[in-house]
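Enquirer: Here is how the chains run, residue by residue.
There are 2 protein chains.
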Amino acid sequence: MIPALTHVQIETIGYIAACCTTLCWLPQAIRTIRTKDTKAISLLTQGVFAVGIALWLLYGIALDSWPVILSNIVTLPLVLIVVAMKLRHG
Amino acid sequence: MIPALTHVQIETIGYIAACCTTLCWLPQAIRTIRTKDTKAISLLTQGVFAVGIALWLLYGIALDSWPVILSNIVTLPLVLIVVAMKLRHG
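Residue numbers (the working numbering), protein chains in the order written: chain A, 94 to 183; chain B, 94 to 183.
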């Protein structure tokens, strides 16, 4: 389907994707800490997302996969901040 | 580090993790459509997250990896709904 991509190009896309879906949680965590506003945020979404990230971390540890471990070890505390703020401020 | 887990157990953890981090976006999308409230949500987070999910989808297509394709093809429209509502309602 994407015949022109080399192995290096595909892996580069994977690394950029991992950076995006990991570091993107930093502005949400900062915004939530600053404003204490969590009204529009779904607790179910953030809670299940946090459980999922914890399971991805366990999966990465079990497989000894450092890209999976590193992505999820960065994301987990950021998402837990949002969950904690949501539980505290509603 | 987790010596007792079998291959099947590890893969099961991976599938549960994938379900959590995929389906969790459904309640946020429903909540955002219903309430039109996006004030507490970071546009930067949701926008970069959507770009990351699109890149994961491209990565999955390039590698012909159906677990990666399926997870991200479900997540992408749900996250795009939140981005669109944020752009429209602020």
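Please note that a few of the clues may not be correct.
[Said to hold, decoys possible] For lysine-lysine, the following DSS-like pairs were computed, each having C-alpha atoms within a straight-line distance of at most 25 Å:
| no. | chain 1 | residue 1 | chain 2 | residue 2 |
| --- | --- | --- | --- | --- |
| 1 | A | Lys132 | A | Lys179 |
| 2 | B | Lys179 | B | Lys132 |
| 3 | A | Lys129 | B | Lys132 |
| 4 | B | Lys129 | A | Lys132 |
| 5 | B | Lys179 | A | Lys132 |
| 6 | A | Lys132 | B | Lys132 |
| 7 | B | Lys179 | B | Lys129 |
| 8 | B | Lys129 | A | Lys129 |
| 9 | A | Lys129 | A | Lys179 |
| 10 | B | Lys132 | A | Lys179 |
| 11 | A | Lys129 | B | Lys179 |
| 12 | A | Lys179 | B | Lys179 |
| 13 | A | Lys179 | B | Lys129 |
Calculated from the structure, these hints are not laboratory results.
Enquirer: All hints, please: hold or fail.
Expert: We went through each hint and held it up to the structure:
As the CA atoms of Lys132(A) and Lys179(A) are separated by approximately 8 Å, the hinted pair is consistent with the 25 Å bound. Restraint check for Lys179(B) and Lys132(B): satisfied, since their Cα atoms lie roughly 8 Å apart, inside the 25 Å limit. Distance restraint check for Lys129(A) and Lys132(B): the Cα-Cα separation of roughly 12 Å lies within the 25 Å cut-off, and the hinted pair is therefore satisfied. A hinted pair counts as satisfied when its Cα atoms are at most 25 Å apart, and Lys129(B) with Lys132(A) qualifies at roughly 12 Å.
With a CA separation close to 14 Å, the supplied pair Lys179(B) and Lys132(A) stays within the 25 Å bound. Only pairs whose Cα atoms come within 25 Å are accepted, and Lys132(A) paired with Lys132(B) is accepted, the gap being roughly 8 Å. With a C-alpha separation of about 8 Å, the suggested pairing of Lys179(B) with Lys129(B) holds against the 25 Å cut-off. A C-alpha spacing of about 19 Å is found between Lys129(B) and Lys129(A), which places the hinted pair at or below 25 Å, so the restraint holds.
For a cut-off of 25 Å, the pair hint linking Lys129(A) to Lys179(A) stands: about 8 Å separates their Cα positions. A threshold of 25 Å between alpha carbons decides the hint, and for Lys132(B) with Lys179(A) the separation of about 14 Å falls inside it, so the pair holds. For the suggested pair Lys129(A) and Lys179(B), the alpha carbons sit about 18 Å apart, so the restraint of at most 25 Å is met. Using a Cα cut-off of 25 Å, the hinted pair Lys179(A) and Lys179(B) holds, with the two alpha carbons roughly 19 Å apart.
A hinted pair counts as satisfied when its Cα atoms are at most 25 Å apart, and Lys179(A) with Lys129(B) qualifies at roughly 18 Å.
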